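K.L.:
Below, each chain spelled out in residue letters.
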Amino acid sequence: MPRIVRHLLLIVVPVVAVFAILPGVYDNHLLLFNFIIFMTLAQGLNVIYGFTGYLPFGYVGFFGAGAYGFSLMVMHLQAPPLVALAVAAAAAIVLALLLTPLFRLSGAYFSIANLAAALAVLQVVSNPNLEGITKGPYGVSLNGVFNPTLSYATALAVLAATLALVIYLRNSHFGMALKAIREDPISAGMAGINVVRERVIAWLLSALIAGLAGGVFAWYVSVFYPETVFSVEFTIFAIVFVLFGGSATVTGPILGAVILYGIYNAVGISTPQYFQLIYGALIMGLVMFLPNGLVSLLQRWGVDVP
Amino acid sequence: MLVYSLLAGLLFGLYFSLIGLGLNLVFGVMRIVNLAHGDFLMLGAFLAFWLFTLFALNPVGAVAIAFVGFMIIGLPLYYLLVPRLLRARDPEMLSFILFFGLSQVIEAVTTIAFGTSERSIPGDQLGRAVTAIASLFAGHPVAPGPVELFGQTFPAAWVASSIASGGAVLLVYLYLYQTRLGYLTRAVMDNRDEAIATGVDVHRVSAIAFGIGIGLAAVAGVFAPFILGSITPAMGGEVTITAFAVIVIGSLGNPLGTVLGGVIYGVSYMLMQSYYSSWANLLPYVLLVAILLVRPSGLLGRRVRNA
Amino acid sequence: MVRLSIFAALLASLTATAQAADAPAEIKLGTLYASAGRYASISLPVHYGLKLWIDQKNAEGGVYVKAFDKKIPLKLVAYDDQSSTATAATLYNQLITQDKVDILISDSGSVLTSVAVPIARDHKMLLIDQTGTGATFFTPDNPYIALMADPVSSIWPKPLADFLTHDGPGLGIKRVAILYATNDFTGTQANAVRKFIKESNSGVEIVYDQGVPTETSNYTVLLNNIRASNPDAVVHLGYAANDIAFLRNVQDSGIKFKFLFCIYPGTENELLEKNLGNGPLNYVFTYVTSSQMAYPTNFGMPLKEFKEAWHKKYGDTKVEFGFNSVAGYTTALVLEKALATAPSLDQLELRKAIFAQSGTLKTLDGPFELDPTGAQIGEITPLGQLVLDGDHLKLVTIWPHELANGKPIYPRP
Chain P
1 MPRIVRHLLL IVVPVVAVFA ILPGVYDNHL LLFNFIIFMT LAQGLNVIYG
51 FTGYLPFGYV GFFGAGAYGF SLMVMHLQAP PLVALAVAAA AAIVLALLLT
101 PLFRLSGAYF SIANLAAALA VLQVVSNPNL EGITKGPYGV SLNGVFNPTL
151 SYATALAVLA ATLALVIYLR NSHFGMALKA IREDPISAGM AGINVVRERV
201 IAWLLSALIA GLAGGVFAWY VSVFYPETVF SVEFTIFAIV FVLFGGSATV
251 TGPILGAVIL YGIYNAVGIS TPQYFQLIYG ALIMGLVMFL PNGLVSLLQR
301 WGVDVP
Chain E
1 MLVYSLLAGL LFGLYFSLIG LGLNLVFGVM RIVNLAHGDF LMLGAFLAFW
51 LFTLFALNPV GAVAIAFVGF MIIGLPLYYL LVPRLLRARD PEMLSFILFF
101 GLSQVIEAVT TIAFGTSERS IPGDQLGRAV TAIASLFAGH PVAPGPVELF
151 GQTFPAAWVA SSIASGGAVL LVYLYLYQTR LGYLTRAVMD NRDEAIATGV
201 DVHRVSAIAF GIGIGLAAVA GVFAPFILGS ITPAMGGEVT ITAFAVIVIG
251 SLGNPLGTVL GGVIYGVSYM LMQSYYSSWA NLLPYVLLVA ILLVRPSGLL
301 GRRVRNA
Chain D
1 MVRLSIFAAL LASLTATAQA ADAPAEIKLG TLYASAGRYA SISLPVHYGL
51 KLWIDQKNAE GGVYVKAFDK KIPLKLVAYD DQSSTATAAT LYNQLITQDK
101 VDILISDSGS VLTSVAVPIA RDHKMLLIDQ TGTGATFFTP DNPYIALMAD
151 PVSSIWPKPL ADFLTHDGPG LGIKRVAILY ATNDFTGTQA NAVRKFIKES
201 NSGVEIVYDQ GVPTETSNYT VLLNNIRASN PDAVVHLGYA ANDIAFLRNV
251 QDSGIKFKFL FCIYPGTENE LLEKNLGNGP LNYVFTYVTS SQMAYPTNFG
301 MPLKEFKEAW HKKYGDTKVE FGFNSVAGYT TALVLEKALA TAPSLDQLEL
351 RKAIFAQSGT LKTLDGPFEL DPTGAQIGEI TPLGQLVLDG DHLKLVTIWP
401 HELANGKPIY PRP
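Residue numbers (the numbering used here), protein chains in the order written: chain P, 1 to 306; chain E, 1 to 307; chain D, 1 to 413.
Simulated from the structure, these hints should not be mistaken for lab results.
Predicted, not measured: the structure shown is a model, and the values here were computed from it.
Note that the Cβ used here is the ideal one computed from N, Cα and C, for glycine as well.
Check the hints yourself; a few may be wrong.
One-sided and incomplete, this derived list gives chain E residues near chain P with beta-carbon spacing under 8 angstroms [claimed, not checked]:
{"no.": "1", "residue": "M93"}
{"no.": "2", "residue": "Y275"}
{"no.": "3", "residue": "S277"}
Ranges of calculated distance between the beta carbons of each label pair, as one might list FRET restraints [to be verified]:
{"no.": "4", "chain 1": "D", "residue 1": "E26", "chain 2": "P", "residue 2": "V94", "range": "48 to 56 angstroms"}
{"no.": "5", "chain 1": "D", "residue 1": "D122", "chain 2": "P", "residue 2": "V83", "range": "19 to 27 angstroms"}
{"no.": "6", "chain 1": "D", "residue 1": "H311", "chain 2": "P", "residue 2": "A90", "range": "36 to 44 angstroms"}
{"no.": "7", "chain 1": "D", "residue 1": "F355", "chain 2": "P", "residue 2": "T149", "range": "42 to 50 angstroms"}
{"no.": "8", "chain 1": "P", "residue 1": "A153", "chain 2": "D", "residue 2": "L345", "range": "32 to 40 angstroms"}
{"no.": "9", "chain 1": "P", "residue 1": "L97", "chain 2": "D", "residue 2": "H311", "range": "53 to 61 angstroms"}
{"no.": "10", "chain 1": "E", "residue 1": "Y173", "chain 2": "D", "residue 2": "K394", "range": "51 to 59 angstroms"}
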C-alpha cells in the first residue's frame with residue numbers, strides 16, 4: 001500500500017488511540033491535554049523549521065492569537081465553539097500574513113524579529129486601554145462553553161489532522177520542494193520551485209496549526225491571563241521537542257514531546273528546585289551532542305524513520 | 001515635560017548602548033545569537049552587589065573587576081561551546097537554542113545560590129564617584145545628589161553610567177580601529193570564510209571578541225542596580241531582547257551604530273512613558289520589527305545577509 | 001451487673017474501633033508554591049507560614065478533627081509551579097485527581113490562584129484561597145472558594161481613599177496623582193481608589209492617572225510628569241519590585257512629595273528596608289498589615305509569638321518575614337478551626353464550618369469575615385505612615401481613627 005497510508009496507520013492511529021483511551025484510566029486529564037497540545041505545537045513548528053529551516057522564535061504568537069480569537073468570539077458574539085475555533089485559525093493566519101515580510105531576513109534576524117512580533121502582540125492584547133475588547137491584563141474568563149470532554153476530543157482531532165499533514169509533507173513533492181529550499185534556496189529557485197510561494201504556504205500552515213491549538217486550549221481551560229497564552233515557554237518547548245526528536249520527520253517531534261514533556265512533569269514534581277537547571281543543561285547537551293535529534297541515531301543505523 | 005523626556009532618554013539610552021555594545025561585538029564577529037547576554041549582565045550586577053555587601057567596594061571599582069573577570073571567563077567558555085557548534089549544519093539557529101539553554105542554567109544556578117528576592121545597592125555609592133569627578137573638574141567640592149544638566153535634574157547614577165558607556169564605546173572603537181587584533185576582528189566580521197582563507201586564526205579572534213563582549217555585559221550589569229531599580233536572577237531575559245532591538249536599530253559591527261540605537265530606544269521609551277505610558281513596553285518590539293522590515297541593515301547601514 | 005458493664009464496654013470498644021477504622025491515617029493538604037520566577041517572593045513566605053503550623057501540629061500528634069473525634073497527623077503534598085500558570089493548572093489537577101487531597105489550598109497571589117478557581121469548581125472541591133484577591137473569583141454561583149488572609153482587591157484600598165477624602169481636605173489635600181502597574185492585582189486597586197474618590201464628593205480631584213506595564217523598572221520621567229501636575233498626594237500601586245524602583249527613583253531625583261503612598265513598605269517591610277535603607281521610606285504612607293500591627297486574637301499565636309517562632313525556624317533561610325508569612329499561618333488557623341467544628345470532611349461541610357467562623361474568629365491577621373460569595377471583607381489593612389525614630393522606622397497607624405495611634409505628618413518636611 002502507498003507509503004502515506006502506511007504511515008498514517010502506523011503513526012496517527014496508535015497515537016490517537018492511546019490518547020483517547022488514557023483519560024479513562026488516568027485522571028489528570030489536564031496533563032494529557034497538555035501532552036496533546038505540545039505534540040501539536042511541536043509538529044507545527046516542525047513544518048516551518050524542519051522543512052524550511054526558519055526558526056520562528058515567536059511561534060507562541062500564533063497560539064495566543066488563536067486563543068484570543070476564540071475568546072473574543074465567545075465573549076462578544078456568544079459564538080458556538082466550533083465557529084469560534086474557525087475564527088481562531090483565521091486570526092493566526094492573519095497574523096502570519098502580516099509577518100510574511102519577515103522572510104526577507106535571514107536566519108537569526110528572522111527569529112528575533114518574529115520573537116519581537118509575538119511580544120508586541122502580547123503587549124497590545126494585555127493593555128488596559130483594550131480592556132473592553134480583550135479584557136486587558138485582567139484575564140479572560142469564558143462562560144457557557146466549558147466542556148472538557150468535547151474540547152479534549154477536538155484537541156485530539158487537531159493533533160490527528162496535524163500528524164496527517166506532516167505525513168503528507170514528508171512524502172510529497174511539496175515537502176521535498178520545501179527541503180530543497182531549506183538546503184539551498186538559490187538552486188531550488190533555479191530548479192523551478194517557486195520559493196516564495198512554497199515558503200509562505202508552509203508558514204501559513206504552521207500558523208494555522210498553532211492557531212487551532214490555541215483556540216482549543218482557550219476552550220479547555222476557559223480562564224487565563226494574557227501571559228499564559230503568550231508564554232515563551234510554549235515556543236521553547238516546541239523547539240526543544242522538535243530538536244530532541246529530530247526535525248523534518250513525523251515521529252521525531254512525537255518522541256521529543258512525549259519523552260521530554262514526560263521528564264519535565266516527573267522532574268518538576270520530584271525535584272523542583274533543580275528543575276530549571278536540569279532542563280537548561282539538557283538543552284545545551286542536546287545542541288552540542290545530538291543536534292539532529294534522536295531519530296538521527298536511528299537513521300545512522302540505516303533505519304528509514306517516517 | 002518634553003525637554004526632560006528627551007534629555008532623560010539620551011542618558012537612559014546611553015546605558016542601553018552599553019548593554020548592546022557587547023552583544024554587537026559577539027553577533028557581528030561570530031553570528032552567534034547570545035541569548036544569555038542579559039544573564040551575564042545579571043551576573044555582573046550580582047558581582048557588584050556582593051563586592052559592595054561583603055567588601056564595601058564602591059561599584060566604580062567593581063567595573064574593572066567585572067570586565068577583567070568576565071573576559072577571563074569568556075575565553076574558555078568560547079572554546080568549550082562554539083567550535084563544536086560551528087561544525088553543525090545550522091549553527092546560527094542552534095546557537096540560539098544553545099545559548100538559551102546556557103541562560104537557563106545561569107539563571108537556575110544563581111537562583112539556587114542567592115534566592116529570588118530583589119537586591120539593591122544604595123544610590124549614593126555612584127553619586128559619590130560622580131561628585132568626586134565633578135569636583136575635580138569644577139575645582140570646588142560639589143554637593144552629592146542629583147546632577148543638574150541644562151536646567152533639569154537627573155539621578156547621578158544616570159550620568160555615571162552614561163560616562164561609562166561613552167568610555168566603553170571609545171575603548172571598543174579604539175580596539176577595532178587602532179589595534180592589529182581589532183583589525184583582524186573587523187576582517188572576520190566582514191567575511192569569515194575569506195579571513196580563514198587568508199590565514200587569520202579566526203577562533204582566537206572570536207574568542208577574544210566573545211570575552212570582551214561578555215566583559216562589557218558584566219560592566220553594564222554593574223550599573224544595573226542603579227538604572228533598573230533592583231536586581232533578581234530572572235532579570236536577564238527582557239534585557240536581552242531590548243539589547244537586540246538596540247543593536248538592530250543601529251547596525252551590526254559598528255559601535256557607533258549601537259550608540260545611535262541606544263539613544264533612539266531611550267528617547268522613544270521616555271517619550272512613550274510621558275505620553276502613552278501603558279504602551280511603553282510595546283516600543284522596543286515595534287522598533288525592532290519596523291527597522292528590520294524597512295531598513296534591515298540598520299540606520300548606519302551595513303550589509304546584512306538576505307534570504 | 002458485671003455482664004452488663006462488660007457488654008457495655010465491649011459495645012463501646014466496638015464502636016470506638018469502628019469510628020477509628022473510619023478515620024484516615026492522615027489529613028492530606030494539597031498546595032502549590034513558586035520557588036522561582038516572578039511570584040516566588042510572595043509565594044514562599046506564605047508556604048512557609050503554612051508549613052510552620054503543620055510542623056507545630058504534627059509535633060503535638062496532629063490536628064483535632066471533630067468528624068472522627070481524634071487528633072490526626074497532617075500530610076502536606078506540595079508541588080512547585082515555578083510561577084507558571086500552565087504548570088500550576090496541571091499541578092492543581094494532579095493534587096485533586098491523583099493525590100486525592102482532602103483539602104485544596106491555592107498558591108499565593110491572584111495570578112496563580114486564578115487557574116485553580118475553575119478546576120476546583122469543576123471537581124467540586126473547596127478552594128482555600130490564601131491571598132488571591134481578584135474580584136472576579138467570587139461570584140454568587142460558585143460556592144467552592146473562600147478567601148483567607150487578604151481583603152478582596154476591590155475594597156482593600158478603602159482606608160487609603162477614606163483618609164484622603166475625609167481627613168485630606170482638612171489637611172489641604174485636594175489634588176491626587178495615581179500611578180499604577182497594569183495587572184489584575186494593582187489595576188483593580190487603582191480602579192477602587194478612583195471609584196471611592198469620585199463617589200465621595202469631597203472636592204478631592206485626580207490630576208494624574210496613568211498605568212504602566214508591570215515590568216517597568218524606571219520611573220524617572222514619570223516622576224517628573226507627576227511633579228509637573230502639582231499633586232498634594234501621590235499614590236503608587238505596584239508590586240514590590242515596582243515599589244523599590246519607584247522609591248529609589250524618587251530619592252535619586254531629589255523630589256519630595258507632600259504625601260506618598262506605596263503598598264509594599266507595609267506588606268513586605270523587611271524586603272524593602274533591605275533594598276532601600278531607611279532614607280527613602282521615611283514619611284511614606286502604606287498599609288499597616290498584620291505583620292506590623294498586633295491584633296487581639298482569640299485563637300492561634302499572636303504576632304509577637306509567631307514572629308519569634310518564624311525567625312527561630314526560618315531565620316537563616318533567604319525567605320523574609322512579612323505579611324505573606326502571616327497569611328500562610330492565618331490560612332492554617334482557619335483550617336484548624338474548620339476541622340475542629342465540621343461534622344465531616346465533605347467539601348461543603350468544610351465550607352459551612354469556615355463560614356461559621358466569619359465574624360467570630362480573630363487571628364493575628366485581624367477579624368475574619370467573609371461576604372456570601374467567599375470574599376474576605378474583615379481583615380482590612382489600616383493606613384499608616386513610616387516615621388524614622390532614632391535609627392529605625394516606626395509604623396504609625398493613621399486611619400481609621402479607632403485604630404490610630406498617631407497623627408499624620410503632612411506635608412512631609
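K.L.:
Kindly indicate which numbered hints from before are broken by the structure, ordering the numbers from low to high.
P.N.:
2, 3, 6, 7
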